[in-house]
Amino acid sequence: MRLRALATTTLAAALLAGTAGCGVLLEPATLQSYSPSDGVNAEVGDVSVRNALLVANSSGDGALVMTFVNSGDALVFVTVELRGARNLSASVAAYPGITKVGIADDNPLVFTNAEVFAGTYAEVYFQYGNFEGALATVPVLDGTEVIYAPYAPNERESN
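Numbered according to numbering that gives the first Met the number 0, the sequence shown spans residues 0 to 158.
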């Protein structure tokens, strides 16, 4: 009788430990930082890059769409470098406060002949001043999709 009670208690303890302790060694997903949107984020000095994404056309051109949040008091120029088959770069103004890039008609950032295509990722490096830069793996989205079409670069004539 004692042996049976001991076996039952041991089995119950093993089941309890096995089912209740399954997440003991895992970090809860709620503690992991992520970008809850289509784009990705990066930090360089006083400038935060928010929701950066590339919208591509079928020619391989890519329009970078993002928002700079400059928490400093001065205008800075951020070097944006698209790394890949061809390294392309541009200098973009980040005004104090919020600067939208590629969203308004007067502030597009298009990389021509960038060889970026929808469904892939591109490495984009952000840097300004003496601050260490940040490399972000940016998604390349389809410019023919209704939601991204307004931001897509114009198609080029094929030769």
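Simulated from the structure, these hints should not be mistaken for lab results. Among the hints, a few may not be true.
[As the list claims (entries may be wrong)] Each pair of labels, with its calculated beta carbon distance range: (1) Ala89 x Pro35: 58 to 64 Å; (2) Asn112 x Ala148: 17 to 23 Å; (3) Thr143 x Tyr94: 28 to 34 Å; (4) Ile97 x Gly132: 30 to 36 Å; (5) Glu42 x Arg155: 22 to 28 Å.
No residue lacks a Cβ here, since even glycine has one placed at the ideal position from N, Cα and C.
Structure-based check of each hint:
no. : hint                        : verdict
1   : Ala89 x Pro35: 58 to 64 Å   : violated (27 Å)
2   : Asn112 x Ala148: 17 to 23 Å : holds (21 Å)
3   : Thr143 x Tyr94: 28 to 34 Å  : holds (32 Å)
4   : Ile97 x Gly132: 30 to 36 Å  : violated (21 Å)
5   : Glu42 x Arg155: 22 to 28 Å  : violated (34 Å)
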